[in-house]
Amino acid sequence: MLIRRRTLLAASAATAIASPAMAQNYPRRAVQLIVAFPAGGSTDVGARILAGLAEKDFGQPITVVNKGGAGGQIGFTEIARARPDGYTLGFLNLPGMNTITLDPERKAVFTIDSFIPIVNQVLDPGFIWVKGDSPYKTLAELTDAAKKNPGKISACTTGILSDDHLAILMVQEATGAEFRIVHFDGGAQQLTGVLGGHVDVAFDNVGSVFKRVGTEIRGLAVTDVVRSKFLPQVPCTKELGLITVISSSTRGVGAPKGTPADICKAVETAFLKAINSTEMKEKMDAVGLALKPMVGAEYAKYYADLQAQAKKYTEWALKMR
Amino acid sequence: MDSLGHLLQGFAAALSWYYLAYALAGCVLGTLIGVLPGLGPAAGTAILIPLTFNLDATGAIIMLSAIYYGAMYGGTITSVLINVPGEAASVVTCIDGHAMARQGRAGSALGIAAIGSFVGGVLATVALVVVAMPLATLALKFGPAEFFALMVAGLCLVVGLAGKNIVAALLMTVIGLLFAMIGLDPVRGAPRFTFGVEELYDGIGFVPVVMGLFGVAELLLAAEKRQARMIEAELKNWMPTRQEMRDCVGPIGRGTVVGFVLGLIPGVGAIVPTFMAYVIEKRVSKTPERFGKGAIEGVASAETANNAYANAAMVPLLALGIPSSPTIAVLMGAFIINGITPGPFLFQEQPALVWTVIASFFVGNALLLILNLPLVGLWAKLLKIPFSYMCTGVLIFCVVGAYGLKQSLFDVWVMLGFGIIGYLLRKLDFPIAPAILALILGPMMEKSLRTTLEISGGSFAIFLDRPVALALLTIPVIVIAFLLFKPRSLDKLRESDVD
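Top line first, the protein sequences correspond to chains A and B.
Under numbering that gives the first Met the number 0, the first residue of the first sequence carries the number 0, and numbering increases by one thereafter.
Under numbering that gives the first Met the number 0, the first residue of the second sequence carries the number 0, and numbering increases by one thereafter.
Worth double-checking, as some hints may not be accurate.
To be verified - Below, computed lysine to aspartate or glutamate pairings styled on EDC-like, alpha-carbon distance capped at 20 Å:
| # | chain 1 | residue 1 | chain 2 | residue 2 |
| --- | --- | --- | --- | --- |
| 1 | A | LYS147 | A | GLU177 |
| 2 | A | LYS106 | B | ASP184 |
| 3 | A | LYS136 | A | GLU238 |
| 4 | A | LYS106 | B | GLU223 |
| 5 | B | LYS446 | A | ASP184 |
| 6 | A | LYS318 | B | GLU453 |
| 7 | A | LYS256 | A | ASP112 |
| 8 | A | LYS130 | B | ASP246 |
| 9 | B | LYS285 | B | ASP246 |
| 10 | A | LYS291 | A | ASP43 |
| 11 | A | LYS210 | A | ASP284 |
| 12 | A | LYS272 | A | ASP261 |
| 13 | A | LYS106 | A | GLU77 |
| 14 | A | LYS311 | A | GLU177 |
| 15 | A | LYS151 | B | ASP184 |
| 16 | B | LYS446 | A | GLU104 |
| 17 | A | LYS146 | B | GLU197 |
| 18 | A | LYS106 | B | ASP201 |
| 19 | B | LYS140 | A | GLU215 |
| 20 | A | LYS282 | B | GLU348 |
| 21 | A | LYS282 | B | ASP55 |
| 22 | A | LYS291 | A | ASP304 |
| 23 | A | LYS282 | A | GLU54 |
| 24 | A | LYS318 | B | ASP464 |
| 25 | A | LYS55 | A | GLU278 |
| 26 | A | LYS210 | B | GLU348 |
| 27 | B | LYS140 | A | ASP304 |
| 28 | A | LYS106 | B | GLU198 |
| 29 | A | LYS130 | A | ASP43 |
| 30 | A | LYS151 | B | ASP201 |
| 31 | A | LYS318 | A | GLU104 |
| 32 | B | LYS140 | A | ASP132 |
Since the hints were made in silico from the structure, they are not lab data.
The following block holds chain A by itself, in its conformation from the complex (with noise of 0.2 Å):
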């Protein structure tokens, strides 16, 4: 009698804790995941195929919405705001969501603990190229030339406080080198910018150029600690010695503040299913998107190691500004 009390007991408090009733009926009908760049942009791109990757297993449909502008804070919002029942997920674009909350000027309504990192799906690492024909044939050549005539040297982004713009003020921190800082609104600008020779240098990441990389574009480094796969031939900024000029593009699936763990919990099984099957590498690879399965204690760590990274960063970039 006293045992199958306590188990009762516990059966009864495990509901008080986990809630299965919505666990079990959760998901009940389609999930939105919002997108907070435009469609046909890398984020967007790697969305739509965990998106339908994802939902063979979810059993409901899960729609990418795009909620692009202002580099994301408008999509940001969004995801802060909804109801945290599960049914609006978001992709958490790092560091370009932690540099929004720490500039004051952008009068941000969330912070980055208003979001619970659920599962990452992509690591873009950044990626520093020159022009095809210019003089710069390693990126040592580059930052002596730029720390012999500082701020001669133009540098491009795509966007102020993107991780570009970041990865250049680590390079200048860690080289000594001054550039003088272009933001360019987006990729296909920096392209022209580059090639049309009007900047010397990019602050790039790996999926949007790889493929031109060879005679019209010159890789100088990968900032990351190992070689990128896509570019096997260009070396990392860790083999060249600059350890801490490490930065990339990091973009994984969350959830608004309040979300029940145990449909997070769920959310995390269906669509980490989804990122390690094959047909998401196969995908991905053709893409140039190289994938990063993390989640749990590994996701909340790095999650909160790029807030102080980021925070570093952004505070140098808004005493310069």
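Guided by the hints, dock chain B onto chain A, whose structure is given.
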């Protein structure tokens, strides 16, 4: 592969049932928009963008471009039969087209307009094939400084070509630029003029504004007017006579050249080429006194120039990523919604898409010729639908469309608000197009100016160092000088030629 090879592949795709159906749907919808008085191509294309949400990018763009040049065709029917331009560029067509209709020659007028539009459209697309790819290669030389200079020149032309309304056009341009400032600062990222409204962080939505200023405002204006009486014409004889055809060879040829050349220049707009082609015909004619009293050359030249312009205006969009008119700006929005950035790399990165779309221009022009010649009687019947029904239907479509773009109720209010503003502006005789063009070019202009200054380290001398930018910047200077010293004679010339 060369342009011809790409084009042939494009044809193979464009002629597949799938894309052919979208081109046809676009042509029908476009003609409908053109026929309905009040709805121009800009508003029409904007309203119909949500229809293409579920298509692939190529299908969506094929359909929207077909709507665009379909509207350019369709406007003629209304101009000829009820003397109300179906869209602004058909104003000149009214002059002789309606006169012909009163003489019982409506069929000939509509026939020659369709033939002229077809020839103009096809020849302009051939020229586009030849010019666009080399221009895209050249476009790499176009840095932020050159872009800025080109856009300044474009806006100056809009103002300079506004005719009698120069002050009003200037005012509207500045207002458009001010509205373009709303949203996040393009370099610092700080919100400007947003008053804490999150929806404004991304700037004011271009498509709802166009729908409001052009669509809703026009409906309001049309609602208070008495419905114009249609000329009941015998539309069976739509083939122009042999003599009429012979008379029109010259006007159609010259109209194509004028339309194409002016279509390459951002900011010129659709009215100027038609007007210019008309004036040229009147000048070269041995019997200029017939113009205004039903001269078929007048209809042929204006309609040819109109359509040659419409197709040529795609060149700066595809090669440089610069929209040269409000409608093209809406089309550019459609490209971006579909994840495609028009500009120098479009031909390299999306050859299949771009060449299929170009091939579809040929297909669309042929479809429109078929739709417009034998079926012209059917379109004319549309003009008999009571306006109250049509107006309500279109308004509902506008509201749904504005909401559908971003599932945002805020955009619906923006559209309705700008509808009322547009109505008042039209009542006060203020031109709308400069404001729209300034609104779309404003953010691009600001960004390119600030990027230029980032590159130069804050020095404006960069504009003097770069020959192309400098040359482009002399255009505004010439326009201003011309306006200061010669406005009287220009006005006189316009009045004497059109009245």
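message: Can you confirm whether the C-alpha distance between LYS146 (chain A) and GLU197 (chain B) stays at or below 20 Å?
response: violated (42 Å)
task: Please work out if LYS106 (chain A) and ASP201 (chain B) have their alpha carbons no farther apart than 20 Å.
output: Holds. LYS106 (chain A) to ASP201 (chain B) sits at ~14 Å (cutoff 20 Å).
query: Taken at face value, is the distance from the CA of GLU77 (chain A) to the CA of LYS106 (chain A) at most 20 Å?
result: Since the Cα atoms of LYS106 (chain A) and GLU77 (chain A) sit roughly 15 Å apart, the hinted pair holds (cutoff 20 Å).
message: Given the hinted pair LYS318 (chain A) and GLU104 (chain A), is their Cα-Cα distance within 20 Å?
response: At roughly 13 Å apart (the allowed maximum being 20 Å), GLU104 (chain A) and LYS318 (chain A) satisfy the hint.
- prompt: Holds or violated: are the alpha carbons of LYS136 (chain A) and GLU238 (chain A) at most 20 Å from each other?
  reply: Holds. LYS136 (chain A) to GLU238 (chain A) sits at ~16 Å (cutoff 20 Å).
message: Next pair to validate is LYS130 (chain A) with ASP246 (chain B); report whether the Cα-Cα distance is within 20 Å.
response: violated (56 Å)
query: Within a Cα-Cα threshold of 20 Å, do LYS140 (chain B) and GLU215 (chain A) meet the stated pairing?
result: holds (15 Å)
- prompt: Has the given pair, LYS311 (chain A) with GLU177 (chain A), been kept, meaning a C-alpha gap of at most 20 Å?
  reply: holds (18 Å)
field: Distance restraint between LYS151 (chain A) and ASP184 (chain B), which requires alpha-carbon spacing of 20 Å or less
entry: violated (25 Å)
query: Is the hinted pair LYS210 (chain A) and ASP284 (chain A) satisfied, with a Cα-Cα distance of at most 20 Å?
result: Distance of about 11 Å is within 20 Å: holds.
field: Proposed proximity, GLU453 (chain B) with LYS318 (chain A) (alpha carbon, max 20 Å)
entry: The given pair, whose Cα atoms are some 17 Å apart, holds under the 20 Å limit.
- request: Could you grab the alpha-carbon distance between LYS282 (chain A) and GLU348 (chain B) and see if it respects the 20 Å cut-off?
  value: Answer holds: LYS282 (chain A) to GLU348 (chain B) is near 18 Å, not above 20 Å.
Violation of the numbered hints given earlier is confined to hints 4, 8, 15, 17, 24, 27, 29, 30; the remaining hints are satisfied by the structure.
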